[in-house]
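> The lines below spell out each chain.
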Amino acid sequence: MKNKWLLFLIGLGMAVVVGFLSHFTFYTTGEDDTLQMHTWLGLTLAAILTLFIYTFLYKDNPLYKFAEHLLVGTSAGYYLVIYYHNSVKPNMIDQIVAGFQQIGHMRAEGTFNFVDSILTNAGIWAIVPGIFGFMILFRLSRKLSWLSRYSFGFYIGTAMGMYIPVGFQASIVEQIRGTIVHSAAVEPTPVFNLTYFGEFFSHPTWGGFVQAISGPLVIVGIFCTLMYFFFSKEHTGVFGAFSKVGIWFLMVGFGASFGATVMARISLLIGRMDFLINDWFRGLILPLFGGG
Amino acid sequence: MYKILNAFLKINRRWIFLLVLLGVLIPLVLGKGLTRSYPGDEVVKVYNFLNNLEEGDIIIASMDYDPATIPELNPMARAVLRHCFNKGIRVVSLTLHPAGPGVVITLIDELLREYSQPGVNPDGSVRPVRKYGEDIVFLGYKVGTAVNILALGEDVRLSWPQDYAGVELPAYGSDPTQTTLPLMCDVQNYSDVKCVVTISGTRIPEYWVAYGYQRYHVKVATGCTAVMFADFYPYLQTGQMIGLLPGMKGAADYEELINRPARAMVGMLPQSIVHLMIVGFIILGNIAFFIVRRWEKKGGGNR
Numbered sequence: 001m002k003n004k005w006l007l008f009l010i011g012l013g014m015a016v017v018v019g020f021l022s023h024f025t026f027y028t029t030g031e032d033d034t035l036q037m038h039t040w041l042g043l044t045l046a047a048i049l050t051l052f053i054y055t056f057l058y059k060d061n062p063l064y065k066f067a068e069h070l071l072v073g074t075s076a077g078y079y080l081v082i083y084y085h086n087s088v089k090p091n092m093i094d095q096i097v098a099g100f101q102q103i104g105h106m107r108a109e110g111t112f113n114f115v116d117s118i119l120t121n122a123g124i125w126a127i128v129p130g131i132f133g134f135m136i137l138f139r140l141s142r143k144l145s146w147l148s149r150y151s152f153g154f155y156i157g158t159a160m161g162m163y164i165p166v167g168f169q170a171s172i173v174e175q176i177r178g179t180i181v182h183s184a185a186v187e188p189t190p191v192f193n194l195t196y197f198g199e200f201f202s203h204p205t206w207g208g209f210v211q212a213i214s215g216p217l218v219i220v221g222i223f224c225t226l227m228y229f230f231f232s233k234e235h236t237g238v239f240g241a242f243s244k245v246g247i248w249f250l251m252v253g254f255g256a257s258f259g260a261t262v263m264a265r266i267s268l269l270i271g272r273m274d275f276l277i278n279d280w281f282r283g284l285i286l287p288l289f290g291g292g
Numbered sequence: 001m002y003k004i005l006n007a008f009l010k011i012n013r014r015w016i017f018l019l020v021l022l023g024v025l026i027p028l029v030l031g032k033g034l035t036r037s038y039p040g041d042e043v044v045k046v047y048n049f050l051n052n053l054e055e056g057d058i059i060i061a062s063m064d065y066d067p068a069t070i071p072e073l074n075p076m077a078r079a080v081l082r083h084c085f086n087k088g089i090r091v092v093s094l095t096l097h098p099a100g101p102g103v104v105i106t107l108i109d110e111l112l113r114e115y116s117q118p119g120v121n122p123d124g125s126v127r128p129v130r131k132y133g134e135d136i137v138f139l140g141y142k143v144g145t146a147v148n149i150l151a152l153g154e155d156v157r158l159s160w161p162q163d164y165a166g167v168e169l170p171a172y173g174s175d176p177t178q179t180t181l182p183l184m185c186d187v188q189n190y191s192d193v194k195c196v197v198t199i200s201g202t203r204i205p206e207y208w209v210a211y212g213y214q215r216y217h218v219k220v221a222t223g224c225t226a227v228m229f230a231d232f233y234p235y236l237q238t239g240q241m242i243g244l245l246p247g248m249k250g251a252a253d254y255e256e257l258i259n260r261p262a263r264a265m266v267g268m269l270p271q272s273i274v275h276l277m278i279v280g281f282i283i284l285g286n287i288a289f290f291i292v293r294r295w296e297k298k299g300g301g302n303r
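First to last, the protein sequences are chains A and B.
Numbered per this note's numbering, the first sequence spans residues 1 to 292.
Numbered per this note's numbering, the second sequence spans residues 1 to 303.
Only chain B is shown next, with the shape it has when bound in the complex (with noise of 0.2 Å):
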């Protein structure tokens, strides 16, 4: 038994990482996914400040994210999108991450594919027609994180005078049937937006607290990665960020209550697996770590 005890104890790591490995891999080949989530307060404040807004209405999306943190900010992002596409917000996007360009319109050109025709969503409700340049623009990247949250607040043109595809930007309150993008003509700074969603793996989220809540009084809700949201949580009890979405559990949060369970969803099984198996591995190895230090402190372990 002390043998059995001591090699668990000096178990080669790469049998775990074999574990984990499997963990994830069989769940995945099987296609089976959570067939429901219990989302936390943090995210149902975002849904509902979301769902609360009126049809046209604008909000700022900042997905200040890079490939490295794709597979738990994509999902989020694409569930946030959705809802607005679906309830007819107006969203202004932009990226204040350098390699955040690339995955931004390659997400937004996956959902304006989708909402190209009208249709049914896979929750029976009607899929509208959502436009590039109406329903949604991609402002692009601009160096200077602190600067930009800041100009935003004056002038968005200050920052960004033309969009993603170097389209100029109409003049704010221009009309709107001479230009390819008129939801420009009605945004010049934060007053005429309801709130800035930012989703992001890095320390932004703060700056946005910091220089768009405190100096101009906007509205900031929070996508982040799992491992920035215990530092984002004073924040959001403090009430300088309205909610919050944690992780690829937020992702799969939010796709439970726009009843649309997609790849976070999928995510969170092998994601629940592999925390019983970390879980299960830190238990039993306590449990083995304090027998066999009794039984060395008695006999030596001579068993």
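Isolated chain A, as found in the complex (with noise of 0.2 Å):
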């Protein structure tokens, strides 16, 4: 109890002062470059809640706390406005005021009618996606949960309806063709290709031997994998022995995309410490001390 009013007396503290140091000019970096105090500040703030970050890598504690806290709070802020802004006022509220401005016009010129002012106004009929999207906060109720379903089996029923004829061309039937065929080639030729072999034979090269294995080596990881996924037959014999090079292979992907995301995380460690020694402090540091 006691760390979290220390946090939000941190967090607070830290707001204040930003909000009235934003106002200054801090120092100049050249003619025209005059650096501002709020981004001075932002910087450094950025650079100190990526050290608050950082410190979890030694173990969990409150500065670490405070920052993630304050990551998920600001990031829930920021995408409510942006939803809003995006979304829920052009797609919803400026169009059902459109609406009902439009009836009012027309009621003031008195060409009000029930067909050109109600069932063709599209701004009005803006409150009909309203309501199934009001609906999904009865989810919270545990009494009136039932009504959210109607707008859930509406939005999957539509997203599916877009998705499974472009998806399963683009996921399943191109995949197949290109296990088939090189169908990315100019003019698409079988993956499983003899010539190939002929060619590596009769120049042996590098290129020539990877070219010729793909296609099989293609075939074969789909066979063996799809039949390590068949359990409705025990995994013994050429069955058993089918489904272990499956394993083989499924463990050579595995590897690749762990060896994928280590140089993902470490691509974000280092744009980390970049922006910590390069933008921070060779940029804003050093100078204030005559450096840089």
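The reader is advised that the hints may include incorrect statements.
Reference listing, derived: stretches of chain A covered by chain B, where coverage requires no fewer than 3 residues with Cβ under 8 Å from a Cβ of chain B [said to hold, decoys possible]: (1) 152-164; (2) 172-178; (3) 256-266; (4) 270-277.
In short, the hints are calculated from the structure, not lab data.
The structure presented is a predicted model; accordingly, all values stated were derived computationally and were not measured.
Idealized CB from N, CA, C, for every residue including glycine.
Build the complex from these two chains, which are given one at a time in their own frames, with help from the hints.
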């Protein structure tokens, strides 16, 4: 409890200091390159919060928790505002207001009629998705949560209807085709192509070898991996041998994914360290002491 | 020996964190980077496609990423946009990620400042002047990935009636001298653009393939984080993507191809050092594991 109050006070204090100091010019780094206080504070805060987050590598602590909660809170607030201004307001509120304004004009001009003012008034019909969206909030009520199912049903049905034809083509039909022919080539050639072996044996090169075995490897890999996921039969004998080969292919796939993940995570570390060293320390801190 | 190997297997992970940190910090502090990169085929395909476009051709750059993936994707987006600016390819940029606008507009501002005056690129080529509205437009973010990709196939104005700054898009085919966004006079839908370059740390490129390529047959090139690229290779192999820029390596490759080494190239040295370090740890760990297990089976490890 004590920690919570301490974290709250640290956060409040930082917000007040940032708000107060952001109005002042801090120092100049060149003729026309005036560095504003809010830029300096923004970068310094980012640097401090980065260090707070990295303290977790030693062990969990209040500084890490503070930075983590700050990130979650600001992200939630940011996304709420973005979604409101990019979806709720333009697609619902503005439409409904415009719809009622149209009705108002028609009534004032004496041209109000049911078809033109209501049925073909797109703005008024924005109320319907608005009601559907509102019904999702009933998810929070145990008694009325069934109302949200209509909204989810509509949403999932629409999304599936949109995705299934194109998704099936992109992720299944094209992939099956890619197992049979090299569809990316200008003139598609069969994946299992014995002429590549002929070319390799007549002119043995590393590239020729890879080209010759890649097709059969794809076919064997797919066949054996599918065997592994066939659970209606016990994995013994010849069938078991195929499924074991399938496991090897899966392991190679997971290894590639793990390697790629390591590369991605290290890239993020490099990005943060680059920011700390070059943007913050060399760009802001050193000039303060006459260096840089 | 047994004790040393056993201690090695039970090493506190904080020492590994420290070594990784040093492997990253030292090259960055010294300001050293790789002097060259060897571009992969999938990157060369993207480069060749853009390089073969005519001056004045238009592409869509869908920069669908947030601050969390800046280290990998910003260098990539910067290199692709520099290539477009140098070639005179016009760019309609947008983002389908809610946290994207701040990142993208900062990058575009930075590049427009760089291209605000005629000059010379570091490789000696002429750096032309590029202007917002004529050479690049940023439409901002709209909610609904699939819906917006489909809307772009009909008319960009259905989803984006205004640009990011709130300037009304001119009508398709209208007089370009009467608007501050003349580029948009030439753009209605995918038939007016040569390709879509989607740079993303999410699965949004799959949406571009499904809705953009499959529905409207627009060519799609992808830049993605290293975590994602293994998932996108099947689309490359089946010709549904024209090329792929995988993570920081893809960005460094593209910097190499446009003769403009920048942050990705600098980042690839610590990246390589840490990779070697991790491979070393894996090999040493496995050797130690098997030796210790063998000793323990034989004599209980009393050495």
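> Do three or more residues from the stretch 256-266 of chain A put their C-beta atoms closer than 8 Å to C-beta atoms of chain B?
Coverage by chain B holds here, the residue count being 8 at a Cβ distance below 8 Å.
> Do three or more residues from the stretch 152-164 of chain A put their C-beta atoms closer than 8 Å to C-beta atoms of chain B?
holds (count 3)
> Report holds or violated for chain B covering the stretch 172-178 of chain A, Cβ cut-off 8 Å, minimum 3 residues.
This one holds; 4 residues, not fewer than the three required, reach chain B with a Cβ under 8 Å.
> For the stretch 270-277 of chain A, do at least 3 residues have a Cβ located nearer than 8 Å to some Cβ of chain B?
holds (count 6)
Of the numbered hints stated above, none is contradicted by the structure.
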